[in-house]
Every structure is written in structure tokens, then in C-alpha cells.
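Enquirer: These are the residues of each chain, in order.
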Amino acid sequence: MASPSLATTIAGVALERPFVLASGILGVSASSMTFAVDRGAGAVTTKSVAWEPRRGHANPVVAPFEHGLLNAVGLSGPGAVFMAGEIEAFRARSDAPIIGSVFGADPEEFARVTAELVKAKPHMIEVNVSCPNVSSEFGVPFSADPVATAEITRAVVEAAGGIPVATKLSFHCPSLGVMARACEEAGASALTAINTIGPGIVIEPGFRKPVLTNTIGGVSGPAILPLAVKAVWDIRRACGLPIIGTGGVETLDGALQILMAGATAVGVGTGLWRRGAGLLDDLNTELEAWLEHEGCTSITEIIGVAHD
Amino acid sequence: MGHKALPILRIIDHGPDTKSFVLPAPFPTSLPGQFVFAWLPGLGEKPFSISEQHGDEIELTVKALGPFSRAMMALEPGDKLGLRGPYGSAFEVPGPAVLLGGGIGIAPIRFLARQLERQGRSVPILLGARSKDEHVFVSDFERLGARFATDDGSLGHHGFVTDLLRDLPMTSDTTLCACGPEVMLVGVRGVAAELELPMQLSMERYMKCGLGICGQCCMDGSGVRCCVEGPVLDDALLDGVTELGQTHRDGTGRR
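As given, the protein sequences belong to chains A and B, one line each in that order.
Residues in the first sequence are numbered from 0 upward in steps of one, following numbering that gives the first Met the number 0.
Residues in the second sequence are numbered from 0 upward in steps of one, following numbering that gives the first Met the number 0.
There's no promise every hint is true.
Okay, derived cross-link-like pairs now, DSS-like style, lysine-lysine, Cα gap no bigger than 27 Å in a straight line [stated by the list, open to error]:
no.: 1; chain 1: B; residue 1: LYS131; chain 2: A; residue 2: LYS208
no.: 2; chain 1: B; residue 1: LYS79; chain 2: B; residue 2: LYS18
no.: 3; chain 1: B; residue 1: LYS131; chain 2: B; residue 2: LYS18
no.: 4; chain 1: B; residue 1: LYS18; chain 2: B; residue 2: LYS3
no.: 5; chain 1: A; residue 1: LYS208; chain 2: B; residue 2: LYS18
no.: 6; chain 1: B; residue 1: LYS79; chain 2: B; residue 2: LYS131
no.: 7; chain 1: B; residue 1: LYS3; chain 2: A; residue 2: LYS208
FRET-style restraints, in silico, Cβ to Cβ [said to hold, decoys possible]:
no.: 8; chain 1: B; residue 1: LEU8; chain 2: A; residue 2: THR214; range: 56 to 62 Å
no.: 9; chain 1: A; residue 1: LYS118; chain 2: B; residue 2: VAL182; range: 35 to 41 Å
no.: 10; chain 1: A; residue 1: LYS120; chain 2: B; residue 2: LEU42; range: 41 to 47 Å
no.: 11; chain 1: B; residue 1: ALA235; chain 2: A; residue 2: ARG207; range: 52 to 58 Å
no.: 12; chain 1: B; residue 1: THR241; chain 2: A; residue 2: GLU51; range: 51 to 57 Å
A few chain A residues facing chain B, derived, Cβ under 7 Å [stated by the list, open to error]:
no.: 13; residue: SER30
no.: 14; residue: PRO59
no.: 15; residue: VAL61
no.: 16; residue: PHE206
Since the hints were made in silico from the structure, they are not lab data.
Nothing here was measured: the structure is a model prediction, and the numbers come from that model.
For each residue, glycine too, the CB sits at the ideal point set by N, CA and C.
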């Protein structure tokens, strides 16, 4: 019997393998992203870029804790023009799909950044309306409000010129179902869920001070896996858009939960710290073996099965 | 795992803008070449190579180069410094080796030299700096048989530390282990290529997370992470890096 297929498709974008490098993870340069593809990523997402270059917050920008990680990198990035060059360089070196993550202060900036990135022909645009670490600069994330999220999604879809758009959602909103339908109506072709949770605070008792320079930071890692599963579950119930399910996956078990809740592909991020850069290859191998053991011929047979 | 505030036990003053800080080790072991992040609330967090870990004490040797390291110069015994780590790859020298350190890049070379000494091994040590004043742990290194070079001739050889390599008896399996300014590492790489010797170079890049996930310190070419596959890169890893000796990426990711 042939090995089970790990291939999956998000809004017409074909992935040979289902694991997607999440935004903010190794997405700085063409080389950092091919590094992930060389180690099993089925697709990569760039770091979110605004129009201008951003240095982000001062170190410490990460605070490891027992069950995961707090981060407040603060959307550091090289700006839209530079990132378009990295996307182009990546595409010259790799056939794996690349997702350009865009950020802005308002719908106009989101659109302007999108228009710049699409010049480099990424396979998809991800709309980062849900970063929890820049509230001192930009206020409450747009992802708390379906109207604002839909408005930005619409602006990005218009600027994307036919390239599919995935809006990246937060767990923190009154209803992920309402939010998902709002994005669908605004023209999104996919959804990514979820961004980091919180934000939270880690205090170092010896100094009696918060660790992060930004004080607060988004929580990622295995602590948030059940929330990501619930988010995917709710979105799947609410609309028909494909989902890149992201949050706390660092084991086969976690990946299976995200897929069975309804995700079409699985985002991986913090797990690359805790389990190392071999994680993606490991997950591909383990998932293939699991599918074979279960008598499945394709990963598509388990997507959303927990709803049946 | 996370940040831990530790009291500074002792401080060794090396002269102009350079000090070593001895602290209780927050982890049982580390290896020469590995690094930690040092954190001072309100002042930031920077990566430093470990210059010695023996028993339950760890030492960092720091030169005042920027605002953070300058602030460290004002610390006194009893003051707290936050540490997390250890991170990154280490020097591995099962066979013959030559150690080369340049400027404050002697920090991990000191740890490696001391570890080899504890293993009862003796290897040539070559140390370079701009002037005699900028050499640290001179008597300790002299005891280990080190040779010195200075740009101004104020101590040892007047010239580059790599010049001293030419005088050494080496076999084809002698590994050149080096840490220092990138221009020096490029020089070491040149000599290693010419003499067909294996090498291990300790690199430095702008770092944010140190955990291998933010991508900030990925090096162009193979994309290897200075904080995980590095900072010590061997021949195989160096072959994949295309940016050696070039401008590095800044905090935004631009070059």
C-alpha cells in the first residue's frame, strides 16, 4: 500500500505537507524560511510587516515559563518593500507556498502593505489583526471587533488582486463564529486561528519585576492548545472556510486534535523551541505512520471528523 | 528555564571597560562556546558567551560596548543580574586543536582552555587584542602557555593573531577553534582553507529570543540559527553560510 498522503489544500493553495510555519516564527528572511522548508514545513508565513520598518520592543521579548512562552516581540519587521524582496528570494529558492503576513495601523496601511507584498507573488496573504503585544501603540486588537476585522479584511482582499486572503483571528472576541462569518462575507478565502492568548505577565520574584520590557506578552505553547482546538471547532461550525489551526501544537496528538476539530492545515511555532527544529519532520513522519495505522489513505479523511 | 535573578558573588576588574562577573550557576552544567542572556530590568537583555563554569559558579567576561554592557560596569558584588540559558552549540575538540581569541572574544576561549586543562590536555592558545591593556586574564593564560599579539605591539607579536598560526606545528586534524571579531574569523577561515585544517568559529549576530524561533539571528544561505546551530559553527555549517564577513541584519531584519 502506498504511504498515506499528507497533502492538503487551503483556498486553492496546495501543500505537500500540512504543517505551516506560523507568522513570527523564523519568518525574517528567505534563508530563515527555507531553513524551515528544509526541515519539513509544508508552507511558511513571513513575519508580519507594516509599511515602515519596525524595531519592535526592547529585549527581553520572550519569557519562557513551565507550560509555554510569553512573547512581546512587538511586530519587529523590515517593512513591506524589504519583505517583498525576501518573498521573491524565497520563491526563487523554494516551491513551498509562502504566506505574506500584513499588519497596519488602519485599513489603508493594511491595503498598502498588501499591494506591495503581492508584487512578489506570495501564494496567500495573512491579515494579522490579532497581535496582542502592541496595544500601547495601536489600542485593542482589531480582532476583538467583527466590524473592524471585516473592514480590514475587505481592504486587503481588494489590494490582493486575486491572491487568497486568510484573516488571523484571536481567541479573544465575543464569538469566533460571528467573526468567521464576518470575514467570509468580507471576502476572506481562509482563516488562521489563533494568535497568542492574553496577553499575560511573568514576574521574576528575585527582581520583583515583570520579565518582559513590554510587561505584557502573548501566551503560546502547549498551555493554549485546548483553546486553539475550541477556536477551530467554533469556526468550523460557523462557516465553510478552510482553517490554518494554530496554537500549542508540539506533538502528533496536538496536531490530530487541531485537524479533527476542523483545520485544513496546522500552524506550528513555539513547538520549534521546545522540541527543536526537527519537530516538523517528526510530525510529518508520525502523522503519516498514524494515518497508515488507522487505515487512512489521506489526511483529508480526518479533517473535522470530531464533529461527526 | 526562565529568567532567574542571581546575586553577583565577585567581580574581576580587567582595566578599561572590561569586567568579569562571577555568579551562582543557575544550571548544573554548560559547555565552552555556549551563551546566556543577561538581564537587568529596565536596561534590557543581551547575550554573552560563558567565560567559565566550574562547580556551582558561572563567569561572564564583559566589555562595555553599548548601553547595556556599560550599565553592567556599575554593578557591584551583591547586586543582582538575571540569567537565562545555557543556549547554543559548543566547541568540540576530541583531537589536537589550536585556540584563537580576539578582543573580548577570548571569553569562550578561556572557558575552553580551562576545561581542556581540567581534562589534563594542553593545546596552543593564541590571543590577539588592539593593545596590552585590552588583554584580559593574561597571567592565567600565560600559565597555560598562551602567546599574545597586539595591533600596536605593546604585548607579544606586533600584528594579527593569525600570523602566529604559521609558527605552530600542526597536523591535518588540528582544529582551529576561534572567537573574535568577524574580520579575524574571516582571517582564520582563510588560513584554515589554505592549510586544509578543520575549524570551529564562534559567531555573533543580533539576537532576540535565543530559543531558535524568532528568526532574527538566522544566517543567510542555509538559514542556520546563530542561537541554536551556532554560535559555534563547524566546517559543514560554515559552508552553508553566505554572509560571513558581510553586513549583518539589524533589529528590524534589514541588512
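Enquirer: Look at each hint and say if it fits the structure.
Expert: Cross-check of the supplied hints:
no. : hint                              : result
1   : B:LYS131 <-> A:LYS208             : violated (41 Å)
2   : B:LYS79 <-> B:LYS18               : holds (15 Å)
3   : B:LYS131 <-> B:LYS18              : holds (16 Å)
4   : B:LYS18 <-> B:LYS3                : holds (21 Å)
5   : A:LYS208 <-> B:LYS18              : holds (26 Å)
6   : B:LYS79 <-> B:LYS131              : violated (31 Å)
7   : B:LYS3 <-> A:LYS208               : holds (11 Å)
8   : B:LEU8 <-> A:THR214: 56 to 62 Å   : violated (30 Å)
9   : A:LYS118 <-> B:VAL182: 35 to 41 Å : holds (37 Å)
10  : A:LYS120 <-> B:LEU42: 41 to 47 Å  : holds (43 Å)
11  : B:ALA235 <-> A:ARG207: 52 to 58 Å : violated (46 Å)
12  : B:THR241 <-> A:GLU51: 51 to 57 Å  : violated (28 Å)
13  : SER30                             : holds (4 Å)
14  : PRO59                             : holds (4 Å)
15  : VAL61                             : holds (5 Å)
16  : PHE206                            : holds (4 Å)
Against the hints set out earlier in the document, violations occur for numbers 1, 6, 8, 11 and 12.
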